[in-house]
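Based on the provided sequences and hints, a complete structural model is requested.
What follows is the residue order along each chain.
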Amino acid sequence: MTTRALPVIGSERSAPTAPFLGLSALWIQITGTWCNLECRHCINASGPRAPWLRPLDGATVRRALAEAETVGVKEIYFTGGEPFMHGEILPLLERALEVAPTTVLTNGTLIGPEQADALAAMAARAPYSLEIRVSLDDTDRALNDRVRGEGAWAKAVEAVRLMRERGLLPIVTATEITRDEHGAESGMYERFRDFLHEQGVDRPRVKIMPVFGLGRQPASLEPPLTEDDLEGFDRSVLQCANARVVTSTGVYACPILAGLDGARLSTGSLAESFVAAPLYHPACVTCRRTGMTCRNS
Amino acid sequence: MPEQLGEYRRIAVFGGVYNNWLALEATLADARRRDVEAVFCLGDMGGFGPHPDRVFPLLRQGGVLALQGNYDESLASGRADCGCGYTDPRDNHYAAISYRYTFGGTSAENKTWLGALPRHRRLKLGPHRVLMCHGSPRVINEFLWESATPNGLLRRLMDRAEADVMLCTHTGIKWHRALPDARHAVNVGVIGRPENDGRPNVWYTVLTAGPDLTVEFVPVAYDHEALACEMEREGLPAEFAETIRTGWWTTCLENLPARERAGGKY
Numbered sequence: 000m001t002t003r004a005l006p007v008i009g010s011e012r013s014a015p016t017a018p019f020l021g022l023s024a025l026w027i028q029i030t031g032t033w034c035n036l037e038c039r040h041c042i043n044a045s046g047p048r049a050p051w052l053r054p055l056d057g058a059t060v061r062r063a064l065a066e067a068e069t070v071g072v073k074e075i076y077f078t079g080g081e082p083f084m085h086g087e088i089l090p091l092l093e094r095a096l097e098v099a100p101t102t103v104l105t106n107g108t109l110i111g112p113e114q115a116d117a118l119a120a121m122a123a124r125a126p127y128s129l130e131i132r133v134s135l136d137d138t139d140r141a142l143n144d145r146v147r148g149e150g151a152w153a154k155a156v157e158a159v160r161l162m163r164e165r166g167l168l169p170i171v172t173a174t175e176i177t178r179d180e181h182g183a184e185s186g187m188y189e190r191f192r193d194f195l196h197e198q199g200v201d202r203p204r205v206k207i208m209p210v211f212g213l214g215r216q217p218a219s220l221e222p223p224l225t226e227d228d229l230e231g232f233d234r235s236v237l238q239c240a241n242a243r244v245v246t247s248t249g250v251y252a253c254p255i256l257a258g259l260d261g262a263r264l265s266t267g268s269l270a271e272s273f274v275a276a277p278l279y280h281p282a283c284v285t286c287r288r289t290g291m292t293c294r295n296s
Numbered sequence: 000m001p002e003q004l005g006e007y008r009r010i011a012v013f014g015g016v017y018n019n020w021l022a023l024e025a026t027l028a029d030a031r032r033r034d035v036e037a038v039f040c041l042g043d044m045g046g047f048g049p050h051p052d053r054v055f056p057l058l059r060q061g062g063v064l065a066l067q068g069n070y071d072e073s074l075a076s077g078r079a080d081c082g083c084g085y086t087d088p089r090d091n092h093y094a095a096i097s098y099r100y101t102f103g104g105t106s107a108e109n110k111t112w113l114g115a116l117p118r119h120r121r122l123k124l125g126p127h128r129v130l131m132c133h134g135s136p137r138v139i140n141e142f143l144w145e146s147a148t149p150n151g152l153l154r155r156l157m158d159r160a161e162a163d164v165m166l167c168t169h170t171g172i173k174w175h176r177a178l179p180d181a182r183h184a185v186n187v188g189v190i191g192r193p194e195n196d197g198r199p200n201v202w203y204t205v206l207t208a209g210p211d212l213t214v215e216f217v218p219v220a221y222d223h224e225a226l227a228c229e230m231e232r233e234g235l236p237a238e239f240a241e242t243i244r245t246g247w248w249t250t251c252l253e254n255l256p257a258r259e260r261a262g263g264k265y
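Sequence lines, in order, name chains W and V.
If you read the first sequence in numbering that gives the first Met the number 0, its first letter stands for residue 0, the second for the next number, and so on.
If you read the second sequence in numbering that gives the first Met the number 0, its first letter stands for residue 0, the second for the next number, and so on.
Calculated from the structure, these hints are not laboratory results.
All residues carry an ideal CB built from backbone N, CA and C; glycine is no exception.
Incorrect hints may appear among the rest.
[Unchecked claim] So the derived label-pair ranges between C-beta atoms look like this:
| no. | chain 1 | residue 1 | chain 2 | residue 2 | range |
| --- | --- | --- | --- | --- | --- |
| 1 | W | Glu66 | V | Glu161 | 21 to 29 Å |
| 2 | V | Gly5 | W | Asp228 | 28 to 36 Å |
| 3 | V | Pro88 | W | Arg140 | 23 to 31 Å |
| 4 | W | Arg190 | V | Pro56 | 31 to 39 Å |
| 5 | V | Pro218 | W | Glu189 | 50 to 58 Å |
| 6 | W | Glu221 | V | Arg176 | 25 to 33 Å |
| 7 | W | Val70 | V | Phe216 | 30 to 38 Å |
| 8 | W | Asp228 | V | Gly77 | 21 to 29 Å |
| 9 | W | Ala58 | V | Gly62 | 56 to 64 Å |
| 10 | W | Glu271 | V | Gly262 | 51 to 59 Å |
| 11 | W | Arg190 | V | Ser106 | 39 to 47 Å |
| 12 | V | Ala261 | W | Pro90 | 21 to 29 Å |
[Claimed, not checked] Some, not all, of what chain W presents toward chain V, calculated at C-beta under 7 Å:
| no. | residue |
| --- | --- |
| 13 | Trp51 |
| 14 | Glu87 |
| 15 | Arg124 |
[Unchecked claim] Chain V regions said to be covered by chain W (calculated; three or more residues, Cβ under 8 Å):
| no. | segment |
| --- | --- |
| 16 | 59 to 67 |
| 17 | 174 to 185 |
| 18 | 219 to 229 |
| 19 | 254 to 260 |
So, in structure tokens, the structure goes:
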């Protein structure tokens, strides 16, 4: 990749920043925004037609993995889009697992018996943990499919079953998009945990994420963070302090904002992105307020 | 700067006492029989078990050289929680019970003692430069699990610390990795609760200097039934006593990576 001067546009010029403390989490946006689903809350409006962020080629991914290894990365994440639409996903996961524990974020709809076999074999021989995060927004089929599309629930639940049978422990990842449908008293963790128990999962793993006002959701109207908002706040806990996302258009500060000009820190190497990240976007308010991370825990 | 200590030939190191005064007694007695020159604790004296103040006289009389863990830091500074960073409300529920109980049962004098502990220690084990920490050299509550700690990260942490041997704890499950460049990373385990393998014993570590380093994990059997009964009498959750009796973790499972989680029952 060649290096070009970065455009500095709009409010990110004067935004407060998060310091860069070293690369802990490397994110690979392997399929860009190419996905077989078109979820109505998708943070980067992924879908099956003309992805606005192109998939990555295998060579770029391998270069990023090698560079991350030299700086002592702690964990690697593959996301998209839907990573299992990438023709090289399995060999690239295998390569990543030589470097660090690796997680793949999937909607589960493309994981059949063959893929589940391959993932279980890979997990067994890898030096580090392979984590599979399966997105499911509701334990109720109709509520889930209203968000994720007809048939998504059944395929994701089947993927969880196939993996469970092979000794894998997928992390079911939900957003709070349907929370209001369950009344004020509903405990999401409990509901998902009970549901997974009913599915025969004896070691249920659940991760809950907030809904962000970007992508296919209405834009957040919250004003961006100011220095005053961050007074006394430990910015090192923000994921942009130690994560970077490699995409087909450059390296970005966090998975939520990957592909957005204001969050682009490098158009070349990973190392060039090791600079302070501007906290310019309303999504940064959500991170600051909730303490959320896109990492597994 | 980390405190600089002397040179040793053979040491015992443990982490995570978690109020388990019976296991601490048994560990110190075992270590004395093994000809060690010094005993080190990598922090987290409180949480989980009964009667928080009982471990402190044992640590002091035993001459244990202790580090501060995240739990110790929280207790000493009056934090509202243990600092383990859970998001799952079930984990937070049990962590909060444990923390409230321990906070209430730890004397002001002992909290002050915890607050004065160093966060790192350096020493020489024969030719090896050793760095001791609680979670990781960079973050007190960073989890370094065996299946989630890559060699590249260990090299980076040890390069920065100018160490040949890094000793940590915090996760509750021991491991040892000899890097291809002859450096060593050791998670010394904890003596406060068993390590999620269906056995009630706990573990500590004996390290012996030589041309290469010898790392020996030592199982410690203790009267775990007596401890479980004390926990019940103190009104601590039945899930905690179950862990002590069975060796399976029942709570605070959120941070376990896939491989470590697969090794447990829950």
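| Are there three or more residues in the segment 59 to 67 of chain V whose C-beta lies closer than 8 Å to some C-beta of chain W? | Contact hint for the segment 59 to 67 of chain V vs chain W: violated, 0 residues under 8 Å.
| task | Just tell me: holds or violated, for the beta carbon distance of V/Pro218 and W/Glu189 against 50 to 58 Å? | result | Hint violated: Cβ distance 36 Å, outside 50 to 58 Å.
| query | When you take the CB atoms of V/Pro88 and W/Arg140, is the distance between them in 23 to 31 Å? | reply | Distance hint for V/Pro88, W/Arg140 holds at roughly 25 Å.
| said: 25 to 33 Å was suggested as the range; check whether the CB atoms of W/Glu221 and V/Arg176 agree with it. | reply: 45 Å, violated
| Is the hinted range of 21 to 29 Å satisfied by the C-beta distance from V/Ala261 to W/Pro90? | Given about 24 Å between the Cβ atoms, the range holds.
| Hint validity - W/Trp51 Cβ closer than 7 Å to any chain V Cβ | Result: violated, 31 Å to nearest chain V Cβ.
| said: Using C-beta distances, would you say chain W covers the segment 174 to 185 of chain V, given that this needs three or more residues below 8 Å? | reply: violated (count 0)
| Is it true that the C-beta distance of W/Arg190 to V/Ser106 lies inside 39 to 47 Å, as the hint says? | Given range 39 to 47 Å: holds, Cβ gap about 42 Å.
| chain V contact restraint for W/Arg124 - C-beta distance below 7 Å | Constraint on W/Arg124 not satisfied, violated at 12 Å.
| 28 to 36 Å as the expected CB spacing between W/Asp228 and V/Gly5, which holds or is violated | 48 Å, violated
| said: Is 51 to 59 Å respected by the C-beta to C-beta distance linking W/Glu271 and V/Gly262? | reply: At 40 Å between Cβs, range violated.
| message | Is the coverage entry for the segment 219 to 229 of chain V by chain W consistent with the three-residue Cβ rule at 8 Å? | response | That given contact is violated, which follows from only 0 residues of the segment 219 to 229 of chain V lying within Cβ reach (below 8 Å) of chain W.
Of the numbered hints given earlier, the model fails hints 2, 4, 5, 6, 10, 13, 14, 15, 16, 17, 18; all others are met.
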